[in-house]
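K.L.:
From first to last, the protein sequence lines stand for chains A and B.
1 is the number of the first residue of the first sequence in UniProt numbering; add one for each residue after it.
1 is the number of the first residue of the second sequence in UniProt numbering; add one for each residue after it.
Note that these hints are calculated values from the structure, not bench results.
Keep in mind that this is a model prediction, so the values were computed, not measured.
There could be a bad hint or two in this list.
[To be verified] Result set (DSSO-like, lysine-lysine): computed pairs, CA atoms no more than 27 Å apart in a straight line:
| hint | chain 1 | residue 1 | chain 2 | residue 2 |
| --- | --- | --- | --- | --- |
| 1 | A | 7 | A | 156 |
| 2 | B | 221 | B | 176 |
| 3 | B | 253 | B | 401 |
| 4 | A | 212 | B | 176 |
| 5 | B | 402 | B | 415 |
| 6 | A | 7 | B | 143 |
| 7 | A | 212 | B | 243 |
| 8 | B | 134 | A | 212 |
| 9 | B | 134 | B | 152 |
| 10 | B | 134 | B | 176 |
| 11 | B | 37 | B | 243 |
| 12 | B | 152 | B | 253 |
| 13 | A | 3 | A | 167 |
| 14 | A | 7 | B | 152 |
| 15 | B | 152 | A | 167 |
| 16 | B | 64 | B | 21 |
| 17 | B | 37 | B | 64 |
| 18 | B | 253 | B | 21 |
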Amino acid sequence: MAKEECKALLDALNKATACYHHLVLTIGGSADSQNLREELQKTRQKAQELAVAIRARLTPPLRDRGLGAEERAEFERLWVAFSGCLELLEADMRRALALGTEFPLHAPRRPLVRTGVEGGASGVAARALSARSLRHEAERDFDVEDLHQLEREILKVGEMIQDMEMKVNVPRWTVQARQTAGAELLSSASAGVSSVGGVSVQQRTGPCDLSKALAATIFSAVLLAAVALAVCVAKLS
Amino acid sequence: MAAGPAPLGGHPRAQRPHLSKMERVVVSMQDPDQGVKMRSQRLLVTVIPHAVTGNDVVEWLIQKYCIAEDEALHLGTLLVQHGYLYPLRDPRRLLLRPDETPYRFQTPYFWMSTLWPAAELDYAIYLAKKNIRKQGALVDHEKAHYDQLHRKINHTWDLVVMQAREQLRAAKQRRKGDRLVIACQEQTYWLVNRPPPGVPSVLEQGPERGSCTARQVQMTKTVDFYKREIECCRKALGRTRVKSSVCLEAYLKFSSQRGPHDPLLSGCLPSNPWVTDNDTYWAMNAPSVAVPTKLRVEQWAFSFRELLEDPVGRAHFMDFLQTEFSAENLSFWEACEELRHGGQAQVPALVDAVYQQFLAPGAARWVNIDSRTMERTLEGLGRPHRHVLDDAQLHIYMLMKKDSYPRFLKSDLYKDLLAEAVVPLEMKRRVFPFMWKPRHSSPSLALLPTSTSGEPEAAAEGSSQQADPHKAGGPWTELAEAWHSSLAPSPTFGTDTQSKRHSLVVTSRGHGGAGGCATPTRPHQPSSSVVSQRPQLCHPVGQKWFQPCHPSTNQFWFK
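Modelling step: build the complete structure from the supplied sequences, incorporating the hints.
P.N.:
This is the structure we're talking about:
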């Protein structure tokens, strides 16, 4: 079914955009490195592929005059989400370009801002690409060429957005979103509760940690009891 | 993540130079050799590096820029308030403490110059994420913003929810420490860009800063700039200027001419209504009164404008013109005035009426206008507006002023008016002390007091040589007069109302007394002290209110 396909693609694009946003956050910070730039490139290329695919799928039904009102509304909703996502992606790409030029990884080198973020973000990129893990195979001066390519890609995405506006006429204000206020709270359990990290720096252990600690203590208590029993048995016998 | 294309750091950054300066400071702090000393922050299990203490920051600023501690503290606070540094213990209080409180640097993505202005879609996504994290327990103002955004950008709410969920899931792929840091960073960014109520926003620019940049733009010396300067100077040259000697002469002439007519400088006859509660003065000087006062008639001789502005004067002038068979000039002028000040809807009709009556060839009351003005007026009549007859009106005005007005002043009509004009009498004094009513606070120069024998005689020697029956006679007749007028049943001297009036008068002395106390500066003070007497503390009610201001001048007018 065309709609389900579109939805799946849109979810994938959404995921890629979110991961790209997450990666762009750390440019110029202490976690900036060649690997990061490479991950950025891979993520945005994947996002662009998805965008092209969705556009190919969504444009014909919307240009089809003979579509039913409900179907059309559904497609319009998808279209609005798609164009919003694409705009987010474009804005993030522009910022990545600005930050990348300001904080080049090779000479003339500006000291990177020590933000406290240290670890790698390969997990994030892997998630975006729906792959298990990521291989880094970049050369030395990767980031300089990457910036040129990024510029070209920004222009391409800009053109795509323009084109979309011209070809398909969907007035944004008539679209009614399906989600209500607070809909994110009714989400599936995978949208983590507190393990994502309390914002307060006084780290109070969340309930997940508590249960883990509890399990650990029970296990160690059982282990100790078993060891004590074994010693007693050994002593007695 | 803005919903619109963000400029590539060109224009907005140029407009906010303080941000780029701050960023340079922050970047120089990052130098591994000469930057600020970094420590680690130790939480329960995780260790997060790159924490700085407030003390270190202040010291580094002092050392690097050679400034005093106060200034370093202020600079550090600015950095914190603009979000380049954020406190780890108390994230909502954005100020720099010069002690061991830990701070951390903000990632360049969330710097003010990169991500400004803050987009609503981003804020919505942030609030949705927070909602998920806190299970719906948002702070009040955040809740209000959330609802508001839900209404405003309702059409993209699907995207908001999707993005919020996905961003949280993406964040989970990171280490715990990184996750914490990134969450802190985002929170700081939104604390700066959407401050809670009661916290002043650093993003606000006063109006004067905007004009500053505009002025700076104009300082570039382009061709346009010089052209504008030339235009300004040319206009300045063309303005009419008057020499100050000429100005001052005219001013002196005006003052000397008008001095006797000014009620404050020269007193008003019969009495100042504000002081004595007697409003004869106003009644006698009403706009349309049968017999104008002498001063008023004299004023008509000062200028033509005075004559025309006074309704009585205008009426008499009209009579005069009728004797000269040129009354249509004044009628035309009046009609033009009506056009200029009348309603917009009547303009076309009025213009037409005026034309028919005064300007058309062979009209009933044809006015004599020179040909050039007539041509111009006739042209303008095609598209009537309220100033279309201005030229013609001015021409007629000048004609009357140069021609008819001097003749009017020399005419018998005017002389008769002068002769018939009335000079109001000054109010009589009471004889007995407790019945005295206060004089008008500013005695008139017209009553030149030549002797101390009382003011009726002084009134006789006024500039107005009138056939006034009260003027002749010695002191005894004066006394008799005073008695007579005091017993006269006139409303102002009614015995019943006297006490009340006296008290009324005395209560208003606060003003009148103050006005009268200005008299010491006047040159005629010694002689007019006779005239400017004040009633004593005679009335029991009056005693409560009255404050004598010139006890030394209280003399009986008999003396």
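K.L.:
Now look at each hint and say whether the structure bears it out.
P.N.:
Structure-based check of all given hints:
| no. | hint | verdict |
| --- | --- | --- |
| 1 | 7(A) to 156(A) | holds, 23 Å |
| 2 | 221(B) to 176(B) | violated, 58 Å |
| 3 | 253(B) to 401(B) | holds, 20 Å |
| 4 | 212(A) to 176(B) | holds, 16 Å |
| 5 | 402(B) to 415(B) | holds, 20 Å |
| 6 | 7(A) to 143(B) | violated, 30 Å |
| 7 | 212(A) to 243(B) | violated, 97 Å |
| 8 | 134(B) to 212(A) | holds, 21 Å |
| 9 | 134(B) to 152(B) | holds, 23 Å |
| 10 | 134(B) to 176(B) | holds, 18 Å |
| 11 | 37(B) to 243(B) | violated, 72 Å |
| 12 | 152(B) to 253(B) | violated, 71 Å |
| 13 | 3(A) to 167(A) | holds, 20 Å |
| 14 | 7(A) to 152(B) | holds, 25 Å |
| 15 | 152(B) to 167(A) | holds, 26 Å |
| 16 | 64(B) to 21(B) | holds, 15 Å |
| 17 | 37(B) to 64(B) | holds, 13 Å |
| 18 | 253(B) to 21(B) | violated, 64 Å |
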